[in-house]
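Protein chains in written order, with the working numbering: chain A, 1 to 421; chain B, 1 to 421.
Wrong hints could be hidden among the right ones.
The list treats identical chains as interchangeable, and a pair is accepted whether it falls inside one copy or across any two copies.
As the list claims (entries may be wrong) - Calculated lysine to aspartate or glutamate pairs in the EDC-like style (CA-CA distance at most 16 Å, straight line): (1) K220 / D193; (2) K117 / D362; (3) K115 / E404; (4) K19 / E335; (5) K8 / D193; (6) K5 / D193; (7) K220 / D199; (8) K227 / E211; (9) K117 / E104; (10) K117 / D78; (11) K19 / D319; (12) K227 / D200; (13) K115 / E104; (14) K352 / E414; (15) K296 / D78; (16) K357 / E46; (17) K227 / E387.
Derived from the structure by calculation, the hints contain no laboratory data.
Number of protein chains: 2
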Amino acid sequence: MSTDKTRKEVDRVIRGAQKASRELAARRPAKINTALRNMAALLAGERKRIATENRKDLAAARKKGLPAAMQDRLHLSDKTFRSMIDGLRTVARLDAPLGSTYDERTRPNGLRIYKVKAPIGVVALIYESRPNVTVDAAAICLKSQNAVVLRGGSEAFYSNRVLARLFSRALADAGLPREAAGFIPTTDRAAVDLLLARDDLIDLVIPRGGESLIRRVVEKARMPVIKHYRGVCHVFVSAHADMRTALPIVVNAKTQRPGVCNAMETLLLDRALADKNKKALLEALIAEGVELRGDKTVRSLMKGIGRATEEDWEAEYLDLRLAVAVVDGVRGAIEHINRYGSHHTDAILSRKAAEIKAFSRDVDSSSVIINASTRFSDGGEYGMGCEIGISTDKLHARGPMGVEDLTTYKWIVEGKGQIRS
Amino acid sequence: MSTDKTRKEVDRVIRGAQKASRELAARRPAKINTALRNMAALLAGERKRIATENRKDLAAARKKGLPAAMQDRLHLSDKTFRSMIDGLRTVARLDAPLGSTYDERTRPNGLRIYKVKAPIGVVALIYESRPNVTVDAAAICLKSQNAVVLRGGSEAFYSNRVLARLFSRALADAGLPREAAGFIPTTDRAAVDLLLARDDLIDLVIPRGGESLIRRVVEKARMPVIKHYRGVCHVFVSAHADMRTALPIVVNAKTQRPGVCNAMETLLLDRALADKNKKALLEALIAEGVELRGDKTVRSLMKGIGRATEEDWEAEYLDLRLAVAVVDGVRGAIEHINRYGSHHTDAILSRKAAEIKAFSRDVDSSSVIINASTRFSDGGEYGMGCEIGISTDKLHARGPMGVEDLTTYKWIVEGKGQIRS
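Starting from the given sequences, assemble the full structure and let the hints guide the process.
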């Protein structure tokens, strides 16, 4: 496709999405829920057609020799289907996030002023690899009565396209504009830059994928971006920790699912923690198959621990590997985390209130966990019912983001003829 | 200054600000209020020194032949001094925006989860012309316990520098880090691009100034931007308006202070409004010296009305000039506003509930005003006590922005040894 043709296609899709977003904002939430349930039914009913498209992507991936893990992520398995369908039904059941009024005040001149929750408008999703993101993320955007513009990776083009088309049908069957689920129908890489320049029509872009994709989006986007770079999560074990709970928490944070963003990547041990307790923690991790990389003090505790370099303190291993440092109390832990962390999720294990208070206030992260596993940092675990990602930004939404976080507000000022003097 | 030297200076200032921001976040709000009051006292006490620096800028402006209006904006007059001092004292008296907890929930596994308000961190201000922004905007950033990095226009360099230095002294005198009010000590234009690339150290940038400055910031910034492009505000007079209040509102919205962003720039008249009422509105405006530019129908109502072009519908005149269009009822008004407006502030004058409801919901603007003047769209009028600007963005903060809008939150998860299974 020529760049000129790509430009026209991008323009058509985002103009359609903007128009649809205005219509969507004016409709009753029940209509949106009907569209989400329609989509769940279509996923079940059109299973064969989807599988056919998915096989095209899988064949291309094999031919290109993509890594097995990537081929695996492309595959729309039975489990993925069940999860997409369950997700749609869960989101349909959630309370409508719009319309509530808040922050009301009446001014001395009689003006009644308040905020009312409103959709953001058009949300663009730029994502890689997993085609189920097309369904999961679009569902959350639509639930908040935003139109969505989908731009998936070229490796999942056929799968994404069929899923987006079905979502348009699900919308139309509910009497809603099909353009509210817009899909960029080209693998031309220029389309992404074209999208990111259109702050006149797109209100928010959410990138989901590897760090290089996200950096590219941040560099080019003129509209607001909500992103999640990395999860370099820490657990600090204080000398005042309860070792009966600290041991299982540390093991759980590292090993329960090492490949995800809220798994622990660095363990921080209080210098004042008894050596036998330090050793007990390290031995428990080694017993679970974790490869340790420590600073000098850690390595002096026992044999077989590798040397940690500066890169290890910043590493998101996503694997059974762990950096371990000894720090000087809670202040040392805070400094280490703020220097090397990724502002995602960090935990303190302690029974001392003053330490917990300082850690909670001074660690500059989206979630601070006290005496529990970092693995709880998740929209589902926080009771949101669903999650579109975990923001490591500080503006608009921080930490796990749900349906509420895809809304904005407007100010309403009710008068009776007031003028300004 | 060489680019290399500029790079070093920018790096020094923003690193200092980041370090200071962590210290600031941990201090009691009372300390900040002391610093704000110190600054008010310094403005009074160091009046002569400030005037000397201000004269340097004024002399340079005359020499360069800057327009009189621009020279006027540069001048730190008695009135500007009083306004800066009053502003500081008002902000010092406002409630501390941090520390409150909200959205609390207890999960079935016993985890207690809530949000707590937190500072954003480092806020960069990039502004033009008026040196009092140095004081007014910095005060609001600091009140929310953020560090601020100030980059004013070269035409106000000496005035901005002395004000920033005094703010650093006011902080130090309160026992707070002076680097919390950072100032870029060079007029090298490269400094702005260098700042905007540092999303590792700056959390938010707020541009204040003309549209070209703002567009440049949006294009280059890698961190979030909160901005205000233009105020193209509309008043729609419905056939169901109460003409006794409509007349004074329309005149007030246009003429009470035409040079500001919340003044009316386009008047929309309902086609069904009686011709005599249409004429009465136009005559009242003409009587106040307003130059009108209308569409065909408007021009047929009376003589002496200029022809409005497409540019007029998008114009922010900031002057006694007004575009006037006749529209087909409330739907026509909504369409016109969403097509040509700037998402700032738009008003409906009507006594019909269904019309008001549709207008409030479907006009995509930060403030919707019902039966009152657009001139009320302002932080002070909304009861915020102060204002750092009016956001025409939809993310994070929309409409007038106060101290609360310069905060973020973090999630706190309190456990008793919970692990994820």
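- Item | Hints violated by the structure (numbers, ascending) | 10, 11, 15, 16
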